[in-house]
Amino acid sequence: MNILEKRSHPYIPNSLPEIKQEMMQEIGIKSIDELYADISQKYRLKKPLNLPHALSEFEVKRHVEALLSKNKTCNDIPVFLGAGCWPHYVPAVVREIVQRSELVTSYTPYQPEISQGMLQALFEYQSMICELTDMDIVNCSMYDWASALGEAARMATRITGRKEILIPKLIHPERAVTLQVYAEPAGIVTEKLVYDKENGQINTDDLKGKISNKTAAVYIENPSYLGFIEEQVKEISREAHAHGALFIVGVDPTSLGILKPPGEYDADIVIGEAQPLGNFMNFGGPLLGIFACRDDMNIIRQMPGRIIGMTTTQDSSKHGFCMTLQTREQHIRREKATSNICSNEALCAVASAVHMALLGPEGFRELGETIMYKANYAMQRISKISRVKAPIFNSTHFKEFTVNFDEAGQSVEEVNKKLLQNQIHGGKNISEEFPEFGETALFCVTEIHSKNEIERLAEALTGILEGKSDVQASKLG
Amino acid sequence: MFKQASWDEPVIFSRGRKGRRGHIPPKAEQEIRQALGDLNSLLPKNMQRTSRPRLPELSEVEVMRHFLRLSEMNYGVDSGLYPLGSCTMKYNPKINELLASLPSLNMLNPYQDESTVQGILEILYRLERWLAEITGTHEVCLQPAAGAHGELLGTLLMRAHHKLNGDYEKRSEIIVPDSAHGTNPASAAMAGFNVVVVPSDDDGCVSLGALKAAVSERTAGLMLTNPNTLGIFEKNIDEIARIVHEAGGLLYYDGANLNPLLCKARPGDMGFDIVHINIHKTFSTPHGGGGPGAGPVGVTEELAKFLPIPRIGFNGTRYCLDYDKPHSIGKIRGFYGNIAVLLRAYAYILSLGNEGLKEVAEVSVLNANYLMKKLQGAKGLTLPYNSVRPRKHECVFSAKLLKSETGVSALNIAKRLLDFGLHAPTIYFPLIVEEALMIEPTETFEKEELDRFTENMHKICEEAYTTPETVLQAPHNTAVSKLDEVKASHPRTMALSWRMHLKKNAQKT
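Which chain is which? The protein sequence lines are A and B, in order. Using the working numbering, the final residue of the first sequence is 477, and nothing's skipped along the way. Using the working numbering, the final residue of the second sequence is 509, and nothing's skipped along the way.
I should point out that these hints are in silico values taken from the structure, not numbers from a laboratory. Remember, predicted model here, so these are calculated numbers, not experimental data. Heads up, a few of these hints could be off.
What the hints assert, rightly or not - Here are the computed lysine to any residue pairs in the SDA-like style, where the Cα-Cα straight-line distance is at most 20 angstroms:
| # | chain 1 | residue 1 | chain 2 | residue 2 |
| --- | --- | --- | --- | --- |
| 1 | A | Lys336 | B | Glu173 |
| 2 | B | Lys27 | A | Ser450 |
| 3 | A | Lys417 | A | Thr462 |
| 4 | A | Lys234 | B | Lys45 |
| 5 | A | Lys169 | A | Glu235 |
| 6 | A | Lys46 | B | Lys264 |
| 7 | B | Lys504 | A | Ile300 |
| 8 | A | Lys318 | B | Asn477 |
| 9 | B | Lys358 | A | Ser56 |
| 10 | A | Lys47 | B | Glu133 |
Claimed, not checked - Here chain B is said to cover these stretches of chain A; the calculated rule only asks that three of the stretch's residues, wherever they fall, bring their Cβ under 8 angstroms from a Cβ of chain B:
| # | region |
| --- | --- |
| 11 | 114-128 |
| 12 | 229-237 |
| 13 | 304-311 |
| 14 | 331-343 |
| 15 | 364-371 |
The C-beta atom is built at its ideal place from N, Cα and C for all residues, glycine as well.
Same shape as in the complex, but just chain B (with noise of 0.2 angstroms):
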């Protein structure tokens, strides 16, 4: 039976003793501070902190053992399945952590001299051609620090494009399908268009006539994700490609779901214009818990002109950083890019190959179709659209029966599937799905396990007939209990920070 560790630990605020210290930093030197005297006299009085920061005081011991409990009551993909539709949750090889940790890499300044990282730029300048060769691009851009920040360098390569045409003024809209992930309408909005959702057909593809009619002079592009969020491959990309380019718009190809695809097919070759690649999903980075991921772009040939500054270059015998780019959209943020996360793709890619990479994809699409059908059947579960399709590296089930017929719902089975040691699937996500439970098994589970997730799943079904309270109470076995999301939200309760929090219990005592 699992059970999550669940330490009483306070806040790190309310812990140590006034006076204990945690990290002695290096004193200047005393003929340094001899020479320069009283540092008030350096600071010009009205810029000096007299207050001291309340910042807890503990000693290192003390911040250990409080930090080793939190992580104790974590869960990641190294303790069991993790099954997070479109999040790709597979496992981090431990020799790309190592790699990432050396000195070599994590002393470097990004300004340095070009002639002392030539080994990093040779790195990036490979991972770069490699990730093109994969996604069937010209050329990737590697700065992007998520995928949703590679959306937005898409959609801000869209505008350049439309700008540098003189129709920007025109194009003012972008397409997306009614089950694109929440970044895609966000991130066109960031970028100045206007968002125009195209329904989804009975087979949960981009409905051809709705896409006709959607498309005009004012078409910028369509940001599709292939495989979509049901896990279904866009069975007329060819003519979804044709559609958007002949009324004048670019294809994005949202890079989320590419891991089915790895060395099978590629995006490139479908007519997508612009690509961004999930490092952090597909290239087997690790999350942590909500980042650092990276997300490159890859691009035509017709678009590569406008990529962000500086782009690496190779004469020969030497890489180097290249500003020269006049057309180039400038930057969307400091220096090139997560460099540590991509350190990490490059072993990745190197220890996979080709053939392990396809690998990969086969296996993806294997592990998701095997949960599918080992899920068919259980009680009070569907599987919206088209149910004798092939999923590609994930399926999408409904659990609005069993919510009618018990009154447990997506959120209860997600929060029961916790007692049993295994994550949740993305719940009530795509929006397309009523009680929708999105199931992301990747390559990285063993079949023991993807038993274990199915055998659990079917038994919570039956409890949601038998013992209802049991579920919709649940999870039982975590660090804590159901938790009050409502209380942590409203505006007189509402704590987002330790201060905040000690100012709310002032005002009610």
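With the rest of the complex left out, here is chain A (with noise of 0.2 angstroms):
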């Protein structure tokens, strides 16, 4: 279809060749090519480019759809995994919000008067992510949880005036990627501690001796990647703390209904993904980075990103909220800006004010509890096959856990092509990237898994390990 065929396209209101002329007459032009005349024309375009040809709307809907269709998704079959973008449950509410027309197809709040709404809504979700925190301060919204470790990082050693961040061996290796790529032009230096072998914690011991008065900030998570709860978080606060560095911990915000939040332990920089809070995974994005300080203006100064604060009109009869403390950012302070962010996360930050807004106290422990619950059931049902172990470290696990293979002698590689076949998915294959565990997966359970299907995962996992990969489907159903 060539759209100038039909005269007017529908995004295109102008497009109608009567008006175009209007136009071009008030202009006192008789094309709209002289407007180009000073574009070379060694550079105009002569020839269409490779480019499909348009459609009708209904074509476009029948065409993605059909491509889409060839993806395989949770609803289809039971997908256990997460390691860093999680299925969850979005209520219905969060999606009727962000599908709110004057949200969606709004700007960046540049004039906050006629912008109240998603100001207001932006503030809420700082002011709740706090209250689960326990922090004081919340931007309005970082990429992801990976570019926010990678921002967390640059901001502890401006504070600081250090460049050495201690973060721990078992993180989410695209996490250390990203946190390696953002730091290393700062000239920060990252090293990993490593952990007990026995339980995955932090080895004390590694921290104290590599941690000097040149660490900018340790870093930890919790849950950490592998799923398991650092516990010695007062310890390793303390540490950080007696050398001057800032403590830096990663937060899954799912688990902070009933795991105590870092706030409590005295973080300085919290940072963390609430994609899992009102946000679908979608292939891994958009995500949502938290970043949370606590209040201390040599901190909140440091800040990376966009910060709502409330305020009143000037004539003060009524509260308000604006974007505040912009000298930090990029569009004031250019290259001494703290961060080059400029469009973040925004819309999925209110999908995650609704969500928390929607679960408060009760809906956040109660959402905590079941995930622990189901998390550790399949953990303890995978773990009663034989020859299998479930998980690798002796932890309490939330969320997430490891399975290892080695003793069954199968690859997860070969597991998971069975489970498959079984229309089942199994976890992450992690043995390249931790090759010390061997042949390990990370499996992932929510709220979204239901018993039955733990139990046909477990008992899928039985068959192929004892050698009968061709479990019937009936006896799975």
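Two chains, two frames, some hints: make the complex.
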């Protein structure tokens, strides 16, 4: 379809030839080409580009739906994957609100008086994340957990004037790489802390050996990438602060209804991934990076990203909201800005705000409990399969846990392939990321996984590891 | 007349009653609970949460109503003209929203087996090819989450390129024009470069003399927006590319202003080595009040080896994620990009095709020049830099004269526009124009809405001379009147969260 044949494209009201004519007359030109006269002919495209032909709305819908239907999702088969992007239920009210056109189609609220809705919703997002993490200030979003870690490392070096960051060895490899990419140009060096072989916890002797007055920050994750809870938080925090270093903690907020918030163990900066609060996985994006800090002007002034503040009208008659502390940001401070971030993940933050408001304190506790119960049940159930070790670490796990197949003599790749033949998607293969764990997978179980699905997984694994990979589908249903 | 909803909607923390519930998450099955017993036995005591988070307690009804009211106190591009310069606020087609909400996308985990994600990989692979075709680059990477994130990637690519050539230590400078977006120098600095600023000439273009003087063996590259932030096409782009390349630098294209060039001309053909694209601008995905966007980056064949992992591969039958890229800079975020945003761009390109995209470009330029023409002669406004040369997607007026004659500033004009149900242009940018009003209508708005804008602009300028108080005290018709932004950032009154607000109030009493 050539849209010119149709005279006017639905998205372009002034594409109607008569209107163009009127407007050109007003400008005093005979053809739109005159407006491009200053672009050298050698750069003007003479031939159409190699792009698809335009389709009607119905055709676009049919085409995209057909392509997407080639995917298999966790609605089609049970999928036991998380690893930084987790399957959770998104309440209907969240979906309703984040489809409100006034919010969806607005820009960054540069004119606060006409953008109070977005600003208040973002202020409430910030405020509720504060309560969950027990921190004082939260920005209105970073791209994701990984880039938030990069920014946190840079922020810590600006505050302390030091260039070394200590991170756990058992960190999500994508976060570690992203941190490296963000940190290296700032001359920041990262060093990994070894873990206790028995329980995966950070080896505090190693921490004591590596920390010094050159350390800008110590970073831990809770729950860790491999799903276990780091318990020595107070000790690590003390150690960091005793050396004048900042303590940075990465969190999965769905754990914070039942898990001690990092503010209670004196974190200076809290980062994390709020995708699980109101946002779908979407094949890994958009995500929603949490970035929080304590009420300390020396720290606040170094925050990256946008921050919404509460204020009043100039006549003090009404409360209101606006972007604040903008002198940290690129549009004012340019090369001296705390970060280059401009567009962020605002609408995802609104989704999170609605989800948090719906859950409330009780909902958060219950959500945490359900995940804890289900994940631990799955872990125990799988650990009973002979020649399988689950988890590899003797620690408490939340939402995710490791399963090792070394004794069974099968690779994760083989096991996952056979699971898929049984219409089940297994955990993430981490045997290349952490070769020291042998053939190990990272399984994820949340509130969306039913007991029945967990049983199916356990039975399928039993069959596969006992050499009966062609388990009957009927038996699994 | 426009009158925005103005609910007395309290902060959500002061709503609700203890014990009310907005959502009940599923419970673990009875057998599971029985099998595991008390949760406290599972969680180590020192890691248990003992204090309930002080979140609001509301019913579902109240939550819905609260956020609905908030949405009514917001203005989007669906509400009316939104002429923020360099922000390219265009219509966000609803079919794209519908497609992006399909479970066949929403429910995909990024680590799924490749055999289960062939559909989305095919979409992303094709989108990369189309964006490469549109920008005239060799390969495109979809990973960056926003334009500035694309810039960061671009400057990291420059770094990688010069490192491989062994002269990174020497090439420590990135040049940006004085009309550049703030993200350009900020991105360059994040990648470890020093920033060198070159001034614009009388035409609003990069001064060639200044550029020649600025380049040296220290030059890593030049970041350029074209058309620039004055809406003017850099007429000497040929010469600029030659100067930068001869000095051994790379040429970076800030794609914020790509809209007027769609299917008309390509940055790659002009000598740009690295190009970022703002999907949420040019490709019409919603800006969501600040994001999420997407900022894919296209590069020359020579630079492709440095792109972040994974790359999307295709062997003729199957799509895959390829991590085997030894020269890659690594990753700048988790996973592969803002996929739900990118899917909308895929649908947008399909809805327009080559001819449609060209029409987008041409009408966006027609609209901008039409507005410019209609605004010329507005009392107190001037059009700095070559006032006869056609603009591309935007034009920048100055209210300097108006301010000196009436006291009404660009900010006051912006606030007064809101009273007419029109969003304000970008103000005080670019920095090289005093009292700047930077206006980008895009192709989205019909002539009638553009006329409404220009008529009201004329009216406001008249008001400035006759009843300046009306303008100075604006806005009058928005949810709230003019806000005290100084109070918002003063350490004594600053409230960046509800708990900070409570703390400050407690200190006062």
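Results for each hint:
no.: 1; hint: A:Lys336 - B:Glu173; result: holds, 15 angstroms
no.: 2; hint: B:Lys27 - A:Ser450; result: holds, 10 angstroms
no.: 3; hint: A:Lys417 - A:Thr462; result: holds, 14 angstroms
no.: 4; hint: A:Lys234 - B:Lys45; result: holds, 13 angstroms
no.: 5; hint: A:Lys169 - A:Glu235; result: holds, 18 angstroms
no.: 6; hint: A:Lys46 - B:Lys264; result: holds, 8 angstroms
no.: 7; hint: B:Lys504 - A:Ile300; result: holds, 16 angstroms
no.: 8; hint: A:Lys318 - B:Asn477; result: holds, 14 angstroms
no.: 9; hint: B:Lys358 - A:Ser56; result: holds, 17 angstroms
no.: 10; hint: A:Lys47 - B:Glu133; result: holds, 12 angstroms
no.: 11; hint: 114-128; result: holds (count 13)
no.: 12; hint: 229-237; result: holds (count 4)
no.: 13; hint: 304-311; result: holds (count 6)
no.: 14; hint: 331-343; result: holds (count 12)
no.: 15; hint: 364-371; result: holds (count 6)
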